[in-house]
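Residue numbers (our numbering), protein chains in the order written: chain A, 13 to 158; chain B, 2 to 402.
Think of the hints as simulated: they come from the structure by calculation, not from any bench.
Treat each hint with caution, since some may be false.
Unchecked claim - With a Cα cut of at most 27 Å, we get these calculated DSS-like pairs of lysine-lysine:
| hint | chain 1 | residue 1 | chain 2 | residue 2 |
| --- | --- | --- | --- | --- |
| 1 | A | LYS112 | B | LYS175 |
| 2 | B | LYS175 | A | LYS131 |
| 3 | B | LYS24 | B | LYS217 |
Claimed, not checked - Coverage of chain A stretches by chain B, computed from C-beta distances (three or more under 8 Å per stretch; other residues unrestricted):
| hint | stretch |
| --- | --- |
| 4 | 62 to 73 |
| 5 | 91 to 101 |
We put the beta carbon where it would ideally sit given N, CA and C, even for glycine.
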Amino acid sequence: MEGKRRNVLKGIFGATAAFFTAPIVYAVGRFISHIPDVKSGGSATLAASEVAPSKLIRVGEEPVVVIKEKDGDIRAFTATCTHLKCIVSYRPQTSDFFCKCHRGEYDTNGVNVPGTRPKRPLTELTVNKDGETLTISLTPLKPQNA
Amino acid sequence: MSQWFTSITHALHLEGVLAALKKKPVTHHRHTIWYYFGGLTLFFLIIQFVTGILLLFYYVPSAEGAHESVKRIMTEIPFGWLIRSMHSWGANIFIAFMIIHMFSTFFLRSYRHPRELMWITGVILMLLALGFGFTGYLLPWDETAFFATQIGAETPAEVPILGEFVALMIKGAKEVGGATLTRMFALHVGVFPLITLLVVLAHITMIMLFGVSTPKSAVVRGEEKYFSSYLPKELAVWLIGFAVFIVIAALYPWELGRAYDMANPTEPPDNVHPEWYFMFLFQTLRIMPEWMAFLGFGLFLVFWAVAPFLDRHAKNKVHTIVGIFILLVIAAMTVMAYSELEPVGETPGVLKVQGDSDVLNAIWFFAVMSLFTAFVILLWRKRNKRLQELENGGAGEQPKI
Chain A
13 MEGKRRNVLK GIFGATAAFF TAPIVYAVGR FISHIPDVKS GGSATLAASE VAPSKLIRVG
73 EEPVVVIKEK DGDIRAFTAT CTHLKCIVSY RPQTSDFFCK CHRGEYDTNG VNVPGTRPKR
133 PLTELTVNKD GETLTISLTP LKPQNA
Chain B
2 MSQWFTSITH ALHLEGVLAA LKKKPVTHHR HTIWYYFGGL TLFFLIIQFV TGILLLFYYV
62 PSAEGAHESV KRIMTEIPFG WLIRSMHSWG ANIFIAFMII HMFSTFFLRS YRHPRELMWI
122 TGVILMLLAL GFGFTGYLLP WDETAFFATQ IGAETPAEVP ILGEFVALMI KGAKEVGGAT
182 LTRMFALHVG VFPLITLLVV LAHITMIMLF GVSTPKSAVV RGEEKYFSSY LPKELAVWLI
242 GFAVFIVIAA LYPWELGRAY DMANPTEPPD NVHPEWYFMF LFQTLRIMPE WMAFLGFGLF
302 LVFWAVAPFL DRHAKNKVHT IVGIFILLVI AAMTVMAYSE LEPVGETPGV LKVQGDSDVL
362 NAIWFFAVMS LFTAFVILLW RKRNKRLQEL ENGGAGEQPK I
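Please model the complete structure; the sequences and the hints are all you need to start from.
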């Protein structure tokens, strides 16, 4: 009887503690786990002469590398390494991309080189050329995962 | 002074505690030297708190103001370069001493009953120390700090189920940026210090309650009282440590890299890498999948935390072998990581500030005075010990001082 009463009291105590703790934990949890929305999309412009032979820019929140190929073609790729989000560099000598952080490599089309750390390719972005002005938008040139 | 002390202890009913502490013995054996590293770790933690609080007077925790404020501390604020250098060097020395203290405790099996909880508080302090290192690294907002944090914050995302959420919690945003900096700042100066204070207090209280552990294999050559005999030696070691530390901090002032500009993304600097105590993890991530690295680290942590409960037999050799294996893996990965760094010349835009020759001379003088004080404390202790021996009727010469 005594034990039963003690158990009931313990239960009431536990429930009261949970009643007061749970909302506090919930509120604090929601407070610290708020992640602001990132504006996706957007575009940026630059002069073609600035791409010599590559230029890192930011389009919206996204770092983008714009490159000029040997034949003069201008292309743009997301510059965020798909491994751990460092920023990749363009190597004009070998016409490929390299990530210094963990030696990730991508070929000239931004495709990750097998055997290096990245598991996904860089995304090629749309470049519109109007005379000397380049407009880079975050729209992928090809549908992703194609 | 002594009257004040007596009154305060009386008012707080601490006479009993003090009487017990006065009797607290420290044994002498061939491993006694390892005891000093616990005290040194505590001493450098105190230095970190003091220098950290001082830096808070001028540091601006925002992506726009952080780098500029650190630059200002180093160039405009009197002794700012020294205090920042002490904080950065102190962090590294603190972690080095903590690692030595932790491994010596492990190999000497000092975690055994009744000190299991003490060991667990030590493991929590190790994690906090690494947390301090990680969160503090980003605060100057230079390029190396940015990319090292980028790698560190993104790594958990590769772990299935909770990884992505953990990475987001670390960054406070989808990408490392201003939100990450304020989050790191809050953890570095608010959350971690508070938890650390509580855990250190628990750790020290347990040392006072259980005393220092004497390894079972050690041949005890004698013992001494903690407060009257051992503490002066510990203070002397702290002073020697401080003298060496202040000279290093002054002669090799900590640098500040180029500011990271959010608006104009740049490639990571050559050889971007974290601090030396994260290098083994950095290298592991280079050569094996993230999940495997995390699994290994997780297993290590679990084993490390429960080690006292697994080690029940007096002649257990397994723990020693596992401990040596862990040390070798960490050392090998660290050496491999450093050996793979390519030689680079002077990095452009790096700020290095040092006091003028008068200040440096004053620091040398201060260091020598610290050493001299350590010497005086040791002499005083020796004299006291001899007097006590004479009082107790022990034979020996009359002290010369």
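These are the hints, each one checked on the structure:
1. A:LYS112 to B:LYS175: 22 Å, holds
2. B:LYS175 to A:LYS131: Status holds; Cα separation ~20 Å.
3. B:LYS24 to B:LYS217: Roughly 22 Å separates the two Cα atoms, so the pair holds.
4. 62 to 73: Coverage by chain B holds for the stretch 62 to 73 of chain A (4 residues, Cβ < 8 Å).
5. 91 to 101: Answer holds; 7 residues pass the 8 Å Cβ test.
In terms of the numbered hints stated before, the structure departs from none.
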